[in-house]
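Protein chains in written order, with my numbering: chain E, 1 to 299; chain A, 300 to 865.
What the hints contain is simulated information worked out from the structure, not anything from laboratory work. Where hints are given, some of them may not hold.
[Stated by the list, open to error] Using 16 Å as the maximum straight-line C-alpha spacing, the simulated EDC-like pairs for lysine to aspartate or glutamate come out as follows:
1) Lys679/A / Asp107/E
2) Lys187/E / Glu530/A
3) Lys443/A / Asp162/E
[Unchecked claim] If you want the footprint, here are the derived chain E segments under chain A, 3+ residues with CB under 8 Å:
4) 99-105
5) 143-152
6) 231-244
7) 265-272
Keep in mind the model is a prediction, meaning the values are calculated, not measured. Built from N, CA and C at the ideal position, the CB exists for glycine as well.
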Amino acid sequence: MTENEMTSNESTEPTPTTETAASSPDPSGDPLIDQSIDVEGTDATAGETGKPVIESRDLNVFYGETQALQGIDLAIPEKQVTAMIGPSGCGKSTFLRCINRMNDLIDAARVDGDLYFEGKNVYDDDVDPVALRRRIGMVFQHPNPFPKSIYDNVAYGLRIQDQTENLDEKVETALKRAALWDEVKDKLDKSALDLSGGQQQRLCIARAIAVDPDVILMDEPASALDPIATSKIEDLIEELAEEFTVVIVTHNMQQAARISDKTAVFLTGGELVEFDDTDKIFENPDSQRVEDYITGKFG
Amino acid sequence: MATREPETGWHGENSDVNHLRGRAFEATCLAATAFGLVSVLLLLLFVANDAFRPFSADAGWLATYAATVLVPLAVLAVYYYRLDEPAGEVAYVTSGLPVVGLLLTGGFAVLFIELLSVLEWFALLISLVVAAGLIVAHGRLRPKAALERLGVVLLTPIITVFGLPPTRFNWFVTDMAAALGLDFGLYYRVISLREAIMMLPFVPTDWVMLILTLVLPVAGVAGWFVEQRRESRRDGLAVVGVTTAAAVLGVVAGPLLGIGTDVWLLLVTFAALPLGVYVEGVLRRGEGVRGLAFPVVAVVGVAAGAVVTGALGFAGPDPWLDWGFLTSATSRTAADAGIYPAMVGSVMMIIVIVLTTFPVGVGAAIYLEEYAPSQGLTGKFVTLIEINIGNLAGVPSVVYGLLGLALFIRVLQWPQGSVIVAGLAVGLLILPIVIISAQEAIRSVPDSFRQASYGMGATRWQTIRQVVLPEALPGILTGTILALGRAIGETAPLLMIGAAASVRLAPNSFFDVASMMPRQIFSWSSELDPAFRHGVLAAGVITLLAVLLVMNATAIVIRNRYQRTG
Chain E
1 MTENEMTSNE STEPTPTTET AASSPDPSGD PLIDQSIDVE GTDATAGETG
51 KPVIESRDLN VFYGETQALQ GIDLAIPEKQ VTAMIGPSGC GKSTFLRCIN
101 RMNDLIDAAR VDGDLYFEGK NVYDDDVDPV ALRRRIGMVF QHPNPFPKSI
151 YDNVAYGLRI QDQTENLDEK VETALKRAAL WDEVKDKLDK SALDLSGGQQ
201 QRLCIARAIA VDPDVILMDE PASALDPIAT SKIEDLIEEL AEEFTVVIVT
251 HNMQQAARIS DKTAVFLTGG ELVEFDDTDK IFENPDSQRV EDYITGKFG
Chain A
300 MATREPETGW HGENSDVNHL RGRAFEATCL AATAFGLVSV LLLLLFVAND
350 AFRPFSADAG WLATYAATVL VPLAVLAVYY YRLDEPAGEV AYVTSGLPVV
400 GLLLTGGFAV LFIELLSVLE WFALLISLVV AAGLIVAHGR LRPKAALERL
450 GVVLLTPIIT VFGLPPTRFN WFVTDMAAAL GLDFGLYYRV ISLREAIMML
500 PFVPTDWVML ILTLVLPVAG VAGWFVEQRR ESRRDGLAVV GVTTAAAVLG
550 VVAGPLLGIG TDVWLLLVTF AALPLGVYVE GVLRRGEGVR GLAFPVVAVV
600 GVAAGAVVTG ALGFAGPDPW LDWGFLTSAT SRTAADAGIY PAMVGSVMMI
650 IVIVLTTFPV GVGAAIYLEE YAPSQGLTGK FVTLIEINIG NLAGVPSVVY
700 GLLGLALFIR VLQWPQGSVI VAGLAVGLLI LPIVIISAQE AIRSVPDSFR
750 QASYGMGATR WQTIRQVVLP EALPGILTGT ILALGRAIGE TAPLLMIGAA
800 ASVRLAPNSF FDVASMMPRQ IFSWSSELDP AFRHGVLAAG VITLLAVLLV
850 MNATAIVIRN RYQRTG
């Protein structure tokens, strides 16, 4: 996947040059082996993976008078890890929060443009953001477990969504998938705040995946953690990508290079400068600005 | 910069740093603090001296009690302080728990004497339990019907407690019943479960009802608590069993000891049960066992002092604040005057305030913090409202009294000076304070919790109900209790709504004319007899301050527990 044609995907509108809505036919998640070149509409090798599940078209976001995102066109493929990198204040977190409409909670934020989730514009009037967020889970920068027991934390989403059959089983499954079960199985009724930062973040991931969403958004999930905890989270993210579509915002370029299949580079002013396969971005970016950013000349 | 002489150096007294202004400022601040504290302390000592009159006692009496109580307790306190064990804390708790227990016992005893019969209490509690059961059952049967549930939650308690008002539907029901020969004697309204229980031809005796509705629930909670802490079901059941046994024993033995059955049951529930659980825990852990000596020494010392002073014929002090003062009504003679009816009036006023102001204030705070928009024209309007709530908190209390007079007495024609009018007027006065403190508490819930909840796909209601309120509740309670402390001391609104200057009988209903503690104290201040102005007045002030202290201590305990867990 070192080469990738600039194509527009079937369902995407023709887009500016900064956008590459290519689908990646790569179920194994190993980018070095795969060499296929996308041809429009043929996804035979990919099966279900690689089909765009989230697409934004000319998405603009304003905080009051300030424009935080400028005409973003982006298609995020299913069951892959898509990373968003860029300097502080470039709008990558804003974009992430547009996907599950968390920006609705900020009174000053105004979103203009279209964002499709499974073919439905989530900013249509008939979309309930609560229903949307039940399909799109989120993990935040700082671990934010509720001041409840470990069990209640994981069960929270299941309870509010009335999925209370086999609750114990579902909690156990979620904790196992988040690679936390062995560490907490004997203290499920203890407060989640007694866990270490890394454990808390994995608990937050368990909480997010317990309700079996389609997409998991991660807003710098490892930035507040030490290197060991970070590597555990990274391993976990790669595993999660087998079942979920993962979108991750990160400040850490090595992290993006390690775990993601696709990378979007946002630069100051809220514009999406380049979006492509991760290897392409890190090895041979089209844009000089992206190259400067990645090699550390600015940002 | 000039070169410094090597011998002066850059450090020490000759350096360039000038501390003079800083030290002077620190000293001024200390002086201000000391002045404030000392003045308040002197005032309190002055009032306490008037109320208790310790120096009216014989010198021998004072010396005896100093020797039997004060000195041993002081020695023990120093000993605990130097000990590493948590003996001091044990001593503190074992001395404090009985006091709190006795206060609660007294409160409930007054409740049963003045406000409700045990049967009324029983009927009220049973109907509330039935209402709660119906609500839970509805939740199980129809978990999805949210709007229906709102109706059930709001209406069920009202129907079980108050019944259905006379409506056309009820005319139909009662007419039909009468036509069928089922004459309940209640035309045009359906009676509530509470009234039905009270009309039962056969009811259990008082002590059975008290054990069912007071002893067993409290013992059950304590047992559950012990079970959680020790992870032993047997211990939890033991707590419930021993408490029930002690309660039943008292029913048999109480009359022999001259203690009323009701009082015995209350004592077992509120004083003996918590103390027993705590002492048993201390003995089991074996930490700070020596602290248990403190209350024992106190009791033995008081008893020994009584024996010695009795034998030697030393006369005790003649305090204004004594048992008689707390239990009798005011009188023309200072020696017989008491504060009991005014205390009951104050407590009933607080009940009215809690029932009205707490839901309204907390509801307003939740709306303003969680729902109200912050942007645009409506956002500006909300800001205006918030500013004005702040202003309302500063409106003089006499104005609220005037508002109460106009609204409740002139417009609604409620009886002048009644408990409900006093409660509502003073409740309006503290409403802004409750709103502001509840807002503070809600605002202090980290936004990351809300984000996490919304990110999970929770609705606003679910987020508030399951995340925000549990976190904010201790803060809300602390603020509310402090506001209630202000309410209980307010005098001006009571004067405006015509609370009685002096009443001989405690109020029996919320529409009775009553006096409250500050109002009673104000009347005593204008009595001609100097004994009233110096002695009775001081006793009343100390009583009021003691109530305030207990309320503030409760607020502090809640806040500390919250900080420990949070």
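Tested hints:
1. Lys679/A / Asp107/E: Holds. Lys679/A to Asp107/E sits at ~13 Å (cutoff 16 Å).
2. Lys187/E / Glu530/A: Holds: Lys187/E and Glu530/A sit about 14 Å apart, inside 16 Å.
3. Lys443/A / Asp162/E: Holds: Lys443/A and Asp162/E sit about 9 Å apart, inside 16 Å.
4. 99-105: holds (count 3)
5. 143-152: holds (count 4)
6. 231-244: violated (count 0)
7. 265-272: violated (count 0)
Hints 6 and 7 from the earlier list are contradicted by this structure; the remaining hints agree with it.
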